[in-house]
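Chemist: Take a look at the letters that make up each chain.
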Amino acid sequence: MENMVNYNPSFAEEVFRDVDSGDEIKMCMNCGVCAGSCPLREHMDYPPRQIFGLIRAGKREAVLSSKAIMLCTSCYTCVVKCPRDIPVMDVMHGLAHYALKQGYVPRKDTANFGKEFWNQVYKLGRIDEKDLPRRVFFAGGFVEGIKAMLNFMDIGLKLMLHRRMKLLPERKIKGVKLLQKMLDKAEGLGKGGIAA
Amino acid sequence: MADVQTTNQSILVVGGGMSGITAALEAAEAGYEVVLVEKNPYLGGRVTQLYQYFPKLCPPNCGLEINFRRMRQNPKVRFFTMAEVAGISGQEGDYDVTVKLSPRYVNEKCTCCGKCTEVCEVEIDNPFNYGMDKIKAAYLPHEFAFPMRYVLDPSIAGTDEGKKCLDVCEYGAIDLEMEETSFDLKVGAIVWAAGWDPFDAAKVDYYGFGEYKNVITNVMMERMAAPSGPTEGKILRPSDKKEPKNIAFIQCAGSRDENYLPYCSGICCLASLKHTTYVRELYPDCDVTIFFIDIRALDRLEDFYTKVQEDEKVVFIKSKIANITEDEETGGLLLEGENTRTGEQILMNFDMVVLATGMVPNKIEIDAAPDVSYDEYGFLINDPEKTGIYGAGCVRRPTDVASSVQDATAGALKAIQSIARR
Numbered sequence: 000m001e002n003m004v005n006y007n008p009s010f011a012e013e014v015f016r017d018v019d020s021g022d023e024i025k026m027c028m029n030c031g032v033c034a035g036s037c038p039l040r041e042h043m044d045y046p047p048r049q050i051f052g053l054i055r056a057g058k059r060e061a062v063l064s065s066k067a068i069m070l071c072t073s074c075y076t077c078v079v080k081c082p083r084d085i086p087v088m089d090v091m092h093g094l095a096h097y098a099l100k101q102g103y104v105p106r107k108d109t110a111n112f113g114k115e116f117w118n119q120v121y122k123l124g125r126i127d128e129k130d131l132p133r134r135v136f137f138a139g140g141f142v143e144g145i146k147a148m149l150n151f152m153d154i155g156l157k158l159m160l161h162r163r164m165k166l167l168p169e170r171k172i173k174g175v176k177l178l179q180k181m182l183d184k185a186e187g188l189g190k191g192g193i194a195a
Numbered sequence: 000m001a002d003v004q005t006t007n008q009s010i011l012v013v014g015g016g017m018s019g020i021t022a023a024l025e026a027a028e029a030g031y032e033v034v035l036v037e038k039n040p041y042l043g044g045r046v047t048q049l050y051q052y053f054p055k056l057c058p059p060n061c062g063l064e065i066n067f068r069r070m071r072q073n074p075k076v077r078f079f080t081m082a083e084v085a086g087i088s089g090q091e092g093d094y095d096v097t098v099k100l101s102p103r104y105v106n107e108k109c110t111c112c113g114k115c116t117e118v119c120e121v122e123i124d125n126p127f128n129y130g131m132d133k134i135k136a137a138y139l140p141h142e143f144a145f146p147m148r149y150v151l152d153p154s155i156a157g158t159d160e161g162k163k164c165l166d167v168c169e170y171g172a173i174d175l176e177m178e179e180t181s182f183d184l185k186v187g188a189i190v191w192a193a194g195w196d197p198f199d200a201a202k203v204d205y206y207g208f209g210e211y212k213n214v215i216t217n218v219m220m221e222r223m224a225a226p227s228g229p230t231e232g233k234i235l236r237p238s239d240k241k242e243p244k245n246i247a248f249i250q251c252a253g254s255r256d257e258n259y260l261p262y263c264s265g266i267c268c269l270a271s272l273k274h275t276t277y278v279r280e281l282y283p284d285c286d287v288t289i290f291f292i293d294i295r296a297l298d299r300l301e302d303f304y305t306k307v308q309e310d311e312k313v314v315f316i317k318s319k320i321a322n323i324t325e326d327e328e329t330g331g332l333l334l335e336g337e338n339t340r341t342g343e344q345i346l347m348n349f350d351m352v353v354l355a356t357g358m359v360p361n362k363i364e365i366d367a368a369p370d371v372s373y374d375e376y377g378f379l380i381n382d383p384e385k386t387g388i389y390g391a392g393c394v395r396r397p398t399d400v401a402s403s404v405q406d407a408t409a410g411a412l413k414a415i416q417s418i419a420r421r
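Chains as they are written, first to last, in numbering that gives the first Met the number 0: chain A, 0 to 195; chain B, 0 to 421.
Since the hints were made in silico from the structure, they are not lab data.
Possibly wrong hints are sitting among the right ones.
To spell it out: a stretch of chain A is covered by chain B in this simulated footprint if at least three of its residues, at any positions, have a beta carbon under 8 angstroms from a beta carbon of chain B; those stretches are [stated by the list, open to error]:
| # | segment |
| --- | --- |
| 1 | 21-30 |
| 2 | 72-85 |
| 3 | 119-132 |
Bear in mind that the values here come from a model prediction, so they are computed numbers and not experimental data.
Even glycine gets a Cβ: it sits at the ideal position worked out from N, Cα and C.
Turn these sequences into a full structure, and let the hints guide you.
Modeler: What follows is the structure, given as structure tokens:
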């Protein structure tokens, strides 16, 4: 049978030990509700249940380089429906962080966006609605950046109209130092830590 | 009615379903005085609502008839319908129990002539068919009801409608003055056999039960297949009363799920397999798909599973369905999920969906309830430290009729031991 694999617990043990929420997958009973309810199912190479199956089968490479672990949009549908109370979403995020830490970049754009988003939150305590897209759009080069900017012009104008985006740079929130202290502490609590 | 004399050598059995009847008869036939109380206006419980038993596919009526005859012949058993336990105090060997009797508005003179039903114009949801049809507010609970006696719904008791029934009855069987009464019992031991309720499938909102007409539950399917049911034995789509061309069964609907019932009820797999035989016998062209996580068909019951598997119109797909959406125009249902054997996404249309829901035990829910032990899911444990009150049947674990009968016999023996050791 094509699907037959030899049981190799070493990667599963690594996930249980080192990935945030990684030990939660021990509860999985293979019902497939996460995959059946995921709105991004069609874009995933492996839906969550199969990711868990691959972990149990010891397929380290396939899991850490899979697109699926970076596609989760935190919609919570799988978390709400999981009959085994697994925070599927947290496991997927945990795996994404871990993959990046291990030098895998399954989706470059997603990783880049996450990094820029995080840096801004850390620095300002908020998101600058024009600076973040600028950084993300121009990561691929000048021409790509201009193209992306033009694509999003409508949204940009609306954001300005509703004063969600200001012309001047955003200022830091009050007590950003305290926020940073909190974030640092949270980072220390995680198993995988924050991706560089 | 409340002229019942009992002592601390008597046994109280709560619940007149298969477990309660068995426990009461076994104890009575061993020579003990037994009082049986039943909440419904008839005995037999959930079993009376079944069309056929698995795995033999025989009707439950004959077994019930035998038990009712044992009961009629045995002066040691007294039973009360429309009766509920309102209070229990004392300890093993010496309980004081209060029983509340709801008014039936019909006395023992009733001959079941049916005149009251004829004149009554008010209709109520039929509880016997899970509200799938209506009955007159003066009614016989079901055609094999024991005791064979009509009931008036309390909603018409004080109205002109009730007066009409009173006037038409030639036997003086209707008594609109009946009120709730209660009486006290002294017993030495109690068998709690209050049975189970079907899990409320509406709680699993993504299956749309209660919202989508063509999503029904397994207990409703049982009534639909029964000739005495709301569709006279025809399995029809509730939305347009048409014969379904393909039916899906969703196993573990709310069961084995930390959000609802974390346990397996143990009977729903066989129930769905049995329902499949109902469908296939009725409609030779109808396709049946059973979505399951695991099929639980133990011991000899596996033969039944194998037999159903041999039917080429029946498909088994390993998947927990994640969502149902209704086509408002056709009433058709779109099921989504993941086939966990192939990894493929499931997007399939069905005319009708049956949710295999589990059992919720009826705990002792009265004021100042006696100290008994329950497991983490609410099933009664016969704790050796707390003797005197014993669970029997589905209050102790979700199980089938045959096991309930065995368990109730054990319950009767435990109750006898509680009395005999004084």
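Chemist: All hints are to be evaluated individually against the structure, with a verdict given for each.
Modeler: Here's how the hints hold up against the structure:
With a threshold of 8 angstroms between beta carbons, the proposed coverage of the segment 21-30 of chain A by chain B holds, since 3 of its residues qualify and at least three are required. Closer than 8 angstroms: that is the beta-carbon criterion, and the segment 72-85 of chain A has 6 residues meeting it against chain B, so the requirement of 3 holds. Proximity of the segment 119-132 of chain A to chain B, defined as three or more residues with a beta carbon under 8 angstroms from a beta carbon of that chain, is not established by the 0 residues found.
When the structure is compared with the earlier hints, a violation turns up for hint 3 alone.
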